[in-house]
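**Q** Read top to bottom, the protein sequences are chains A and B. At position 310 of the first sequence (counting the first as 1) the number is 310 in our numbering, and the numbers step up by one without a gap. At position 103 of the second sequence (counting the first as 1) the number is 103 in our numbering, and the numbers step up by one without a gap.
Hint data in this document are derived by calculation from the structure and do not stem from the laboratory. Fair warning: this is a prediction, and the values are worked out from it, not measured in the lab. Be aware that one or more of the hints could be misleading.
To be verified - Only pairs whose alpha carbons sit at most 30 angstroms apart, straight line, appear in this in silico DSSO-like list of lysine-lysine: (1) A/K405 to A/K511; (2) B/K121 to A/K23; (3) A/K509 to B/K8; (4) A/K633 to B/K121; (5) B/K77 to A/K633; (6) B/K8 to A/K30; (7) B/K115 to B/K15.
Stated by the list, open to error - A few chain A positions that, by computed beta-carbon distances, are all more than 10 angstroms from chain B: (8) K30; (9) H74; (10) G469; (11) E616; (12) S647.
Unchecked claim - A partial selection of chain A residues facing chain B, derived with a Cβ cut-off under 7 angstroms: (13) V104; (14) K482; (15) N594; (16) P597; (17) M643; (18) I645.
From the three backbone atoms N, C-alpha and C, an ideal C-beta is built for every residue, glycine too.
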Amino acid sequence: MKRTGVFVCHCGINIAGTVDVKKVAAELAKHPGVAHAEDYVYMCSDPGQNLIIKAIKEKNLDSVVVACCSPNLHETTFRNAAKLAGLNPYRCEIANIREQCSWVHREMSRATPKAIRITRSAVERVKRNEALEAVSVPVTKRALVIGGGIAGIQAALDLGNAGYEVVLVEKSPSIGGHMSQLSETFPTLDCSQCILTPKMVEVSKHPKIKLMAYSEVQEVSGYVGNFKVKILKKPTYVDPDKCTLCDECTKVCPVVVPNEFDTGLTGRRAIYIPFPQAIPATYTLDDKACPGMFDTAIACGKCADVCKPGAINFDMKPEIVEVDVGAIIVATGYDLYDKALMAEYGYGKYPDVLDGLQFERLLSASGPTRGRLLRPSDKKEPKEVVFIQCVGSRDPELHWPYCSKICCMYTAKHAMLYKHHVHDGQAYVFYIDIRSGGKNYEEFVHRAVEEDGVLYLRGKVSRVFENNGRLIVWGVDTLTGKQVEIAADMVVLAMAIRPSRGTEELAKKLKIALDKDGFLAEAHPKLRPVESMTSGIFLAGAAQAPKDIPEAVGQASGAAAKAIAILSQDRLFHSPTVARVLRNLCTGCAMCVNVCPYEAISLKEGKAEVNEILCEGCGTCSATCYRNAIQVKNLTPLHVQEMIIASLGG
Amino acid sequence: MSQEFEPKIMAFICKWCTSAGADLAGVSRMEYPPNVIPIQVMCSGSISPLYVFSALSQGADGVLVSGCHPGDCHYMKGNYFARRRLALVKKLLEYIGLEPERFQMSWVSATEGVKFTQIIKDLVKELKPLGPQTKLRRNP
Numbered sequence: 001m002k003r004t005g006v007f008v009c010h011c012g013i014n015i016a017g018t019v020d021v022k023k024v025a026a027e028l029a030k031h032p033g034v035a036h037a038e039d040y041v042y043m044c045s046d047p048g049q050n051l052i053i054k055a056i057k058e059k060n061l062d063s064v065v066v067a068c069c070s071p072n073l074h075e076t077t078f079r080n081a082a083k084l085a086g087l088n089p090y091r092c093e094i095a096n097i098r099e100q101c102s103w104v105h106r107e108m109s110r111a112t113p114k115a116i117r118i119t120r121s122a123v124e125r126v127k128r129n130e131a132l133e134a135v136s137v138p139v140t141k142r143a144l145v146i147g148g149g150i151a152g153i154q155a156a157l158d159l160g161n162a163g164y165e166v167v168l169v170e171k172s173p174s175i176g177g178h179m180s181q182l183s184e185t186f187p188t189l190d191c192s193q194c195i196l197t198p199k200m201v202e203v204s205k206h207p208k209i210k211l212m213a214y215s216e217v218q219e220v221s222g223y224v225g226n227f228k229v230k231i232l233k234k235p236t237y238v239d240p241d242k243c244t245l246c247d248e249c250t251k252v253c254p255v256v257v258p259n260e261f262d263t264g265l266t267g268r269r270a271i272y273i274p275f276p277q278a279i280p281a282t283y284t285l286d287d288k289a290c291p292g293m294f295d296t297a298i299a300c301g302k303c304a305d306v307c308k309p310g311a312i313n314f315d316m317k318p319e320i321v322e323v324d325v326g327a328i329i330v331a332t333g334y335d336l337y338d339k340a341l342m343a344e345y346g347y348g349k350y351p352d353v354l355d356g357l358q359f360e361r362l363l364s365a366s367g368p369t370r371g372r373l374l375r376p377s378d379k380k381e382p383k384e385v386v387f388i389q390c391v392g393s394r395d396p397e398l399h400w401p402y403c404s405k406i407c408c409m410y411t412a413k414h415a416m417l418y419k420h421h422v423h424d425g426q427a428y429v430f431y432i433d434i435r436s437g438g439k440n441y442e443e444f445v446h447r448a449v450e451e452d453g454v455l456y457l458r459g460k461v462s463r464v465f466e467n468n469g470r471l472i473v474w475g476v477d478t479l480t481g482k483q484v485e486i487a488a489d490m491v492v493l494a495m496a497i498r499p500s501r502g503t504e505e506l507a508k509k510l511k512i513a514l515d516k517d518g519f520l521a522e523a524h525p526k527l528r529p530v531e532s533m534t535s536g537i538f539l540a541g542a543a544q545a546p547k548d549i550p551e552a553v554g555q556a557s558g559a560a561a562k563a564i565a566i567l568s569q570d571r572l573f574h575s576p577t578v579a580r581v582l583r584n585l586c587t588g589c590a591m592c593v594n595v596c597p598y599e600a601i602s603l604k605e606g607k608a609e610v611n612e613i614l615c616e617g618c619g620t621c622s623a624t625c626y627r628n629a630i631q632v633k634n635l636t637p638l639h640v641q642e643m644i645i646a647s648l649g650g
Numbered sequence: 001m002s003q004e005f006e007p008k009i010m011a012f013i014c015k016w017c018t019s020a021g022a023d024l025a026g027v028s029r030m031e032y033p034p035n036v037i038p039i040q041v042m043c044s045g046s047i048s049p050l051y052v053f054s055a056l057s058q059g060a061d062g063v064l065v066s067g068c069h070p071g072d073c074h075y076m077k078g079n080y081f082a083r084r085r086l087a088l089v090k091k092l093l094e095y096i097g098l099e100p101e102r103f104q105m106s107w108v109s110a111t112e113g114v115k116f117t118q119i120i121k122d123l124v125k126e127l128k129p130l131g132p133q134t135k136l137r138r139n140p
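The whole structure should be built from the sequences, with the hints applied where relevant.
**A** Structure below.
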């Protein structure tokens, strides 16, 4: 005979106001297998928990049901209390009679019977619950960080400084990300590279960080604490240890392709270094640009001829490197929305219609114009510049519904810096709303308006076209209700922030979810913002949502701290409510193997076998099995059957 | 019979979306009729057709299965399996003459307390005129 204890909480009047708690306790006391039932005003309080502990000991209870609020709130509290009294925590279940009963009904005469049914159902469940022990696994004390932008750099440094080995994977030849392309940063106007490069150098010199640039994650398997990752190391054809950065090779390379670092505003050679401060400090031979590499398999060889240290090796091959890690941080950043989709603004048609990153390069001291603000078409100083915000953002009909968050601030910065370059120029900004939430951000926008005379026009631009060598911008000022026409020398589009190209494929490899807009989905929007739904995989930076540098850095440190919480353990524990195979019933049909979202089931000697560490306990397998041969512990078909009877009977 | 018929509804709701949405309805103090008794499962994908038949045989006048929105499953694809599997169950129940209103599926996210409330209200309203379900009840 089971000896279950039932504890009914009043929750002040939150439950007792609509549920007759005394009656619930009295009815449950009559239920088969219930050895003790009582009510108390606040079960979650210390006296309430002590009352449970005392009853378990005195009445020799073997299981406990607490009828109270949602299990999301106090399941852990009461399971720990049960544990203190010497019970297995999995022999304690919660009957949710607050959120799903007392709070949503008004009549006590009808809410009380419902509360009784819910509590009975929990009793029937707990009577059949097994005592379970958490599954334990060892932890590989190494982390993988994917993406070498500021978020990835910060996460790698935090992990490394905490004493853990880090593998930092970056797909392009240098770390630094978009931050390395920026001229100045809002709201301080710090030089972006000046504050970034010390961190890049720190990464390259850090004894705990293994940097794998020009590499991509190819395959991920395993689970929290024990991931196995295959990384494709693309050939650079240059030995970084021999390369002296003399730059002789680029002088002889005959191939010119658009320079990604300068957002296509300049060209680069097939052999190149993305920018002078690049880390790793070495040249890369772009085999897609070098004509010899694929067409004839014979490179022109000019670079190798002039390379005195003999660093160039045309025989370098792609390499697959396998690493074991305990935790993964995904910091793959953003790309700008494809400008070609904004035909009405003339991008691609008019060379002086630029996006925000291109404008950054024009402002940058290391940019194509060496810091002089000259427009691409005729290298003249633009005297009137129109900035258009929310291009592709906040546009649910045609483009993306979300706010790209950083554009208000960087557009204010652009307009301000433009005035610092061209004192007699005029900047116009078309905006929908100014969103300047952030420390010193609002003041920064005011500075742009008050000190630099930037003219803000609240409204959208319908069209940009060329007339007599000028860009005519047609818009509307919704505050005056008037149509506006501005003849500009340059137009800068604040394009929507999109997850970086390849995010979707990577998410599939990692088995993590994307949100409706394609960004990486966090486990909980409020309370678990740096975790993915997959345990052991964390998110940082703009790959999760558009965000500015301090937010990306903060999230990266948060993700690193979360990863450290895993790596600092010797063993990890995993919920034991996982699937189990009843081998005598299993026919080996493998239906369960096929539906498992976690690849946790395999066939062994003709029978299904569950990897308890991979299994998340969803139960999809159990519903698939026509013989009930695979069941989730503590929620088996028998559990549910008895819960149904208890819920509906009587 | 002076008293109005009150249908008994068994609701299988997933822990991550619908149960969380039902909790939100509670936190927001919304109101719906107390005809529904919930059983929280981990995933709608774990709901065996047998659970539905069992609830009907135990005297449920209606059964609701509710999970995360398609594409939003906490376990990635459990609700897709639920959708396919239970669509067959629904066809079978209709084939044997059960009113289609008696078995329903819905997708309610953790933020949709209002939607959960509305679904329960609608369900009760639809089931009331049908009277007790006797077709599959063990002891009618």
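**Q** Indicate, hint by hint, whether the structure satisfies it.
**A** Structure-based check of all given hints:
| no. | hint | in the structure |
| --- | --- | --- |
| 1 | A/K405 to A/K511 | 27 angstroms, holds |
| 2 | B/K121 to A/K23 | 27 angstroms, holds |
| 3 | A/K509 to B/K8 | 45 angstroms, violated |
| 4 | A/K633 to B/K121 | 34 angstroms, violated |
| 5 | B/K77 to A/K633 | 21 angstroms, holds |
| 6 | B/K8 to A/K30 | 23 angstroms, holds |
| 7 | B/K115 to B/K15 | 16 angstroms, holds |
| 8 | K30 | 19 angstroms, holds |
| 9 | H74 | 13 angstroms, holds |
| 10 | G469 | 50 angstroms, holds |
| 11 | E616 | 6 angstroms, violated |
| 12 | S647 | 4 angstroms, violated |
| 13 | V104 | 5 angstroms, holds |
| 14 | K482 | 40 angstroms, violated |
| 15 | N594 | 10 angstroms, violated |
| 16 | P597 | 4 angstroms, holds |
| 17 | M643 | 5 angstroms, holds |
| 18 | I645 | 6 angstroms, holds |
Violated hints, in rising order: 3, 4, 11, 12, 14, 15; the structure is consistent with all others.
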